[in-house]
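Taken in sequence, the protein lines are chains A and B. Counting in this note's numbering, the first sequence runs from 1 upward without gaps. Counting in this note's numbering, the second sequence runs from 1 upward without gaps.
What the hints contain is simulated information worked out from the structure, not anything from laboratory work. Mixed in with the good hints there might be a few duds.
Same chains, same names: a pair is fine if it fits in one copy or spans any two.
As the list claims (entries may be wrong) - In silico PhoX-like links for lysine-lysine, alpha-carbon gap of 20 angstroms or less: (1) LYS50 to LYS144; (2) LYS2 to LYS134; (3) LYS80 to LYS101; (4) LYS21 to LYS134; (5) LYS2 to LYS112; (6) LYS112 to LYS21; (7) LYS73 to LYS40; (8) LYS144 to LYS111; (9) LYS49 to LYS164; (10) LYS164 to LYS2; (11) LYS21 to LYS111.
Quantities reported herein were computed from a predicted structural model and do not represent experimental measurements.
2 protein chains.
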Amino acid sequence: MKLLHKRIIKDGVVLPGNILKVDSFLNHQIDVELLIEIGKEFKKRFIKKKITKVLTVEASGIAVATVTAINFKVPVVFAKKDHSHNQDNQLYESEAYSYTKKQPYVMKVSKKYITSDDNVLIIDDFLANGEAVKALIDICHQAKCQIAGVGIVIEKTFQPGREKIEKFNLHVESLARISKMDNGLVTFL
Amino acid sequence: MKLLHKRIIKDGVVLPGNILKVDSFLNHQIDVELLIEIGKEFKKRFIKKKITKVLTVEASGIAVATVTAINFKVPVVFAKKDHSHNQDNQLYESEAYSYTKKQPYVMKVSKKYITSDDNVLIIDDFLANGEAVKALIDICHQAKCQIAGVGIVIEKTFQPGREKIEKFNLHVESLARISKMDNGLVTFL
Numbered sequence: 001m002k003l004l005h006k007r008i009i010k011d012g013v014v015l016p017g018n019i020l021k022v023d024s025f026l027n028h029q030i031d032v033e034l035l036i037e038i039g040k041e042f043k044k045r046f047i048k049k050k051i052t053k054v055l056t057v058e059a060s061g062i063a064v065a066t067v068t069a070i071n072f073k074v075p076v077v078f079a080k081k082d083h084s085h086n087q088d089n090q091l092y093e094s095e096a097y098s099y100t101k102k103q104p105y106v107m108k109v110s111k112k113y114i115t116s117d118d119n120v121l122i123i124d125d126f127l128a129n130g131e132a133v134k135a136l137i138d139i140c141h142q143a144k145c146q147i148a149g150v151g152i153v154i155e156k157t158f159q160p161g162r163e164k165i166e167k168f169n170l171h172v173e174s175l176a177r178i179s180k181m182d183n184g185l186v187t188f189l
Numbered sequence: 001m002k003l004l005h006k007r008i009i010k011d012g013v014v015l016p017g018n019i020l021k022v023d024s025f026l027n028h029q030i031d032v033e034l035l036i037e038i039g040k041e042f043k044k045r046f047i048k049k050k051i052t053k054v055l056t057v058e059a060s061g062i063a064v065a066t067v068t069a070i071n072f073k074v075p076v077v078f079a080k081k082d083h084s085h086n087q088d089n090q091l092y093e094s095e096a097y098s099y100t101k102k103q104p105y106v107m108k109v110s111k112k113y114i115t116s117d118d119n120v121l122i123i124d125d126f127l128a129n130g131e132a133v134k135a136l137i138d139i140c141h142q143a144k145c146q147i148a149g150v151g152i153v154i155e156k157t158f159q160p161g162r163e164k165i166e167k168f169n170l171h172v173e174s175l176a177r178i179s180k181m182d183n184g185l186v187t188f189l
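Just chain A, same shape as in the assembly:
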């Protein structure tokens, strides 16, 4: 997605440790014009799938998932993060590891909002180590729903995320695929 590539080059900040900060337009301050185009692009890429629900995880996935859900005219569900399992049989729970916060966390979704009748589009802002998306896939498996695909805004192709997801034979679409971030410069695949 050209508009996004341009914006990453213009306003993305590369920090040591392969960190890409997109705080100024995607996950602290959000440029709503760009966000609307991202929503339209996901609609275009998954237009043939009969999506019934968009699933993401709080917090930075919510805005992107919401505009995507608006385009598909379906509800959006966001998984909540917590530090402990609570063995609540009303909830699907899955554990993931946060490389940013260097600690594990538990993702939770009420069983009421994802059911075996759903065809779910999983959306997230980043795909790097794939921990968050893997936990969302696990929740879908627990719910025995269909997974229409996985839509990612920014993927770091040099990290193992995509490989982990493709094991599940899923349709993955990333709007920007970054293959390298050397000396503060971003290279797209």
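Given the coordinates of chain A, assemble chain B onto it according to the supplied hints.
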């Protein structure tokens, strides 16, 4: 806002301790059609203000603030929550108490995204004890920006939130004002 009143009566669940669960349409699963109407309603109520930015706090404020910002064609900024102050001079920080989680937390906003040139509309899903909104106001005061107003989806008028905000002489708009929740029944003001 009639559509919202109807939805709260139909799908809101009143729990002991004056808790209103709106998980099925507002803050776990989100009905995007209702959300779009909420965004339009905030636009209508603050149409005369020259808003430059919408400010909220993660996580459940993000979807509502995003659609509101889309209506005003301005960026949305969401404050991040953390457990500790980090004395970072790039950040505005304000402490708030979470009655849900029974612990204090620190709200953080990068100084880059709210400046003295801004006219900020503060948006949140709930107003009860007013802790989150008070911290967002404090961040605006630190940034020396104008505050155009405060937009709330659901207000519990029997809790002290509005009183705390009105001390600052601000224009507050709530789309649903609940005065009582007795025996599982919601009464609007």
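Status of each hint after checking the structure:
no.	hint	result
1	LYS50 to LYS144	within (16 angstroms within a copy, 48 angstroms between copies)
2	LYS2 to LYS134	neither (27 angstroms within a copy, 40 angstroms between copies)
3	LYS80 to LYS101	both (16 angstroms within a copy, 14 angstroms between copies)
4	LYS21 to LYS134	neither (22 angstroms within a copy, 28 angstroms between copies)
5	LYS2 to LYS112	neither (38 angstroms within a copy, 26 angstroms between copies)
6	LYS112 to LYS21	between (35 angstroms within a copy, 13 angstroms between copies)
7	LYS73 to LYS40	both (12 angstroms within a copy, 17 angstroms between copies)
8	LYS144 to LYS111	within (11 angstroms within a copy, 44 angstroms between copies)
9	LYS49 to LYS164	neither (22 angstroms within a copy, 48 angstroms between copies)
10	LYS164 to LYS2	neither (26 angstroms within a copy, 46 angstroms between copies)
11	LYS21 to LYS111	between (34 angstroms within a copy, 15 angstroms between copies)
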